[in-house]
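Visitor: Spelled out from the first residue to the last, the chains are:
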Amino acid sequence: MHVIESGQVFDSQFLEEDLTVVLCADGYEERSVAAASQLKGKDISFRYAIPFKEQKILSRPDNDIFFQANEYELLPELSGSDFDGACSAFEKILTSCIKRGSCRIAIDYSCMTRAWLGAFINHLFDRSSEGARVDVFFLYSPAAFSEPRYPSPNAIVTPLRGFCSLRAVDEPVALVIGCGYEKMRATGLKEYIDPATTVLFYTDPAFDNRYPQLVIENNAGLFAEVGEKNVVRYPLQDMDSTAAMLYDRVTDLSKNFRVILAPLGVKPFSLLSMLLAARYRLADVWRVSGETLTTPRKGESSGELLVYRVSFDDNQ
Amino acid sequence: MNVPFESFNARNLRAQDVASTFVASDDFARVSKPCHTIILGPRGSGKTTLLKMLMRPALEVWSKRTNKSHSLPFTSIYIPTDIVWHHELLFSEEHLQRAVSLYQRISNGAVTIAVLTACVETFMDVIEISSSGSKADETKLCESLIRGFTLPATIPKLSEIHLELKGRMLQLGTLLNRAISESQPQTLDKSLPDWCDMNFLEAADYCVVAFDSTFGYHRENRWALCFDELELAPVWLQRRLFKFPRSTSQKLFFKLSSSPDPEIFSLEQVTPSDDVELVKLWRSSMVQRRRFCHELTVSVMARKGFQGIDPHSLFGDSDEDEVERSSGETDAKRYEQGSAEWELIKEVASWDASLASLLRKKGIDPAAPTATPAQRDAVLRKIKPIAALRKKFAKVGPQGNLVRRGRKAAVAYFGVPAIYDVSDGNPRRLIRAIEEICVVGKDELEQGKPVPRQLQTRAIRTIANLFRDYLKMLPGSSKTIKGTNRVIDLYLLLREIGRYFSSGLLVGPFPLDPKGSFTVDEKVLPEIIELLRLASYHGGIVKVGGSESEFSGNLQGRRFRLCFTLSPLVQLPLRLYEPRDLSACLANEKRFIHERPIAATEQLQLGIDDARD
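Here the protein sequences come in this chain order: X and S.
Under the working numbering, the first sequence has 280 at position 280, and the numbering climbs by one with no breaks.
Under the working numbering, the second sequence has 140 at position 140, and the numbering climbs by one with no breaks.
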């Protein structure tokens with residue numbers, strides 16, 4: 001399928017939209033059900049939740065109860081790293097939806113892993129719409145503020161499945177980092193990859209202004225090193241502007257560099273990175289994760305909802 | 001505001017740009033020999049610089065810069081690898097485990113394209129520089145290459161062939177992605193183009209023979225295939241190249257750069273022969289490396305606007321007890337009654353009971369440490385540097401035993417030798433250190449005044465802290481001990497080694513033969529050995545001893561020291577001391593091994609951590 005149009009939808013407007021399917025992740029965070037709660041009274045034909053195979057702790061039992069009580073079909077459990085499983089589950093949902101002729105899907109990716117989100121996006125770009133128009137609403141409920149964890153090594157640094165290409169090794173590398181608020185994470189990545197050029201994106205304003213303050217504080221050395229012209233401030237709540245900024249930078253860089261997108265920070269930036277990479281094939285997307293030596297956090301929702309719509313069909 | 005560690009990499013520079021700031025070393029003379037060469041060194045040690053300096057454009061610029069001809073009896077073809085490519089190929093291998101032969105063909109195809117692309121780029125450079133040959137010659141060469149590479153109808157220009165090769169790499173990437181998403185990827189084996197099976201060595205051989213015959217070069221004209229950062233290349237390629245395969249025309253030889261301890265050396269027998277030059281880019285002792293550091297410093301300072309300045313006049317000398325000296329003491333008067341050394345030993349022995357006891361054992365009165373010439377050479381000369389360190393860094397604690405003073409107890413790590421040694425001779429680290437000193441000492445430097453010791457120390461500590469952070473964030477720098485929930489962190493491990501030696505020097509029983517390096521003994525856990533390999537690659541530890549021609553990727557039985565860059569963090573002098581078994585240094589496991597919570601273990605294994613942001 002190809003993208004016909006994409007853009008942000010304001011939450012009040014989104015709640016008026018007709019939906020065929022809503023798909024959530026059933027995890028340990030409280031915000032797993034945040035979007036589902038807002039869609040409670042809506043007439044939606046199919047409601048699905050994919051439970052995580054692991055980490056049945058914190059809010060997970062309550063989330064299981066919520067999804068069952070609200071007539072969500074709990075799909076077979078999947079591991080957070082199961083790309084194929086996520087792809088196959090999504091394929092079934094999308095195929096049955098397309099056969100019915102109406103395909104307006106809401107995906108709450110707030111608690112999904114990048115592997116699942118990547119699997120869905122890949123599938124959307126890989127398959128045929130069989131003549132139908134497919135509207136996908138990507139929903140994100142930001143987490144309430146919590147302090148960053150103590151810095152830990154970049155345990156996982158690897159291309160994200162579905163977003164990895166093979167480019168001529170003689171071309172220099174440009175690293176585009178979506179900065180998070182954890183200390184040393186972006187710096188460690190930059191030093192490890194050692195690219196010819198680095199561009200840093202960070203959100204300001206954010207849903208909670210303590211985030212940008214910490215991003216700046218904890219990446220101060222890196223910001224100074226790459227220089228002002230390579231630091232891009234984007235407004236998280238304005239996804240259209242963010243998408244345009246990202247597109248401009250990446251298209252520009254791709255003329256001379258192998259571009260690596262490393263979204264370390266907020267997940268909407270990951271979404272936009274994946275959509276950009278899948279649509280234009282100008283960049284690879286990498287996954288970078290630290291070790292977590294403390295127990296998981298409850299992940300309460302901040303109450304907001306960020307919606308980004310992407311519409312597909314088979315015409316290029 | 002501190003900028004992160006490592007801000008300079010020759011890989012990202014054109015050969016011409018590398019040459020514009022190049023400082024030659026003895027290593028370069030050895031790398032320039034027309035024979036197979038293995039260059040081993042940690043990250044930032046200058047491997048890429050050495051290989052790029054063998055390229056024609058670099059030699060041209062260097063010759064112009066120095067008004068001296070720097071030609072070589074061979075032409076170099078530089079073939080890069082990098083961490084991105086490494087991860088891409090590793091990722092492919094992991095996801096194509098069901099179709100091993102398919103992965104191998106894709107990997108071979110990728111390497112072949114990289115080699116051919118490098119050949120074409122070199123031809124373009126050589127033609128441009130030598131202005132030899134006509135357009136017709138280039139066309140003829142291109143026609144040969146198009147035939148040899150089985151390219152589709154392509155305009156016979158090198159730039160067009162270059163583009164076609166890039167297109168092939170993209171094609172390979174597309175095939176790879178398809179294969180990864182297929183449930184039965186092996187079925188794609190038939191869709192792979194034939195050029196994926198091309199032998200990269202034969203293909204390179206074909207290229208250079210075609211070039212030489214077209215441009216009328218002698219048939220014995222030789223070419224060096226320079227594979228950089230080979231530790232990041234696929235294992236099959238490393239295995240193949242370290243055997244130094246002979247090319248069919250005998251025109252090719254290899255220059256290979258890799259990490260200090262290539263794992264492949266542990267897996268296979270690599271036999272160096274007389275015609276293989278082994279260049280190791282690390283120095284267990286820094287004394288011989290200081291000349292190179294000096295020239296590099298002068299060059300960096302000149303780039304910063306401080307032309308023609310002698311670093312000694314700006315940074316002064318170091319405390320002699322903290323750095324190694326090029327020659328031993330010869331002045332016997334230094335230990336005579338009333339001399340500074342005599343006073344020092346007397347003073348430290350007045351509060352360090354273990355020193356007093358040692359002196360007495362050796363027949364010297366601690367209250368008046370006058371010695372015979374034999375006692376002076378065998379005892380006092382050895383004691384003096386440690387006594388000086390103890391005076392600075394140790395004191396008598398409330399319990400009567402020796403304890404460390406705070407880190408700010410004394411100014412240390414200043415002066416030219418210390419600045420050079422803290423870099424471990426690693427050009428990237430030295431450049432960074434000089435840049436940092438230029439920042440903190442900007443006011444003084446602009447007035448042509450010496451940079452105060454405190455500022456130098458501050459800059460060196462900054463470099464140490466940045467290097468510590470660098471090590472802390474490295475992927476793989478945390479290892480779970482097999483079958484347990486216990487985790488070892490690389491930096492904590494190195495810190496523990498440093499603290500062990502530092503304690504021995506500063507607050508333990510006074511050592512006559514202090515220990516400050518370690519041998520990896522049999523009792524050391526395999527996970528620790530893996531971490532040490534990582535540390536060695538990133539320059540956190542430095543190999544000591546071993547003959548110049550020794551090849552081994554096996555760390556067991558090898559001697560190392562902690563890199564001097566970390567010395568300020570553990571209060572160690574910049575000197576090489578005697579070895580101790582590593583297992584003995586690591587007796588206090590609590591300091592570097594910790595338990596991982598079960599939930600966190602699952603999270604890491606399952607990659608679910610990124611669910612929350």
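In case anyone wonders, no lab produced these hints; they're calculated from the structure.
Just so you know, these numbers come straight off a predicted model, no measurement behind them.
One should not assume that every hint holds.
[Unchecked claim] Between beta-carbon pairs, the in silico distance windows are:
1) S:LYS333 to X:GLU217: 54 to 62 angstroms
2) S:ARG486 to X:ASP204: 37 to 45 angstroms
3) S:ARG486 to X:SER37: 36 to 44 angstroms
4) X:LYS53 to S:LYS395: 52 to 60 angstroms
5) S:ARG239 to X:GLU71: 25 to 33 angstroms
6) X:TYR150 to S:ALA368: 49 to 57 angstroms
7) X:GLU217 to S:GLU202: 51 to 59 angstroms
[Claimed, not checked] Interface residues of chain S toward chain X, partial, derived using beta-carbon atoms under 10 angstroms:
8) HIS87
9) VAL403
10) ARG404
11) GLY476
[Unchecked claim] Listing some non-contacts, in silico: residues in chain S with all C-beta distances to chain X over 12 angstroms:
12) ILE146
13) ASP365
14) ARG405
Don't be surprised by glycine CBs; every beta carbon is placed ideally from N, CA and C.
Visitor: Hint by hint, note whether the structure agrees.
Guide: Hints, one by one, checked against the model:
no.	hint	result
1	S:LYS333 to X:GLU217: 54 to 62 angstroms	holds (57 angstroms)
2	S:ARG486 to X:ASP204: 37 to 45 angstroms	holds (41 angstroms)
3	S:ARG486 to X:SER37: 36 to 44 angstroms	holds (42 angstroms)
4	X:LYS53 to S:LYS395: 52 to 60 angstroms	holds (57 angstroms)
5	S:ARG239 to X:GLU71: 25 to 33 angstroms	violated (59 angstroms)
6	X:TYR150 to S:ALA368: 49 to 57 angstroms	holds (53 angstroms)
7	X:GLU217 to S:GLU202: 51 to 59 angstroms	holds (56 angstroms)
8	HIS87	holds (6 angstroms)
9	VAL403	violated (28 angstroms)
10	ARG404	violated (25 angstroms)
11	GLY476	holds (8 angstroms)
12	ILE146	holds (18 angstroms)
13	ASP365	holds (53 angstroms)
14	ARG405	holds (28 angstroms)
Violated hints for the displayed structure, listed by number in ascending order: 5, 9, 10.
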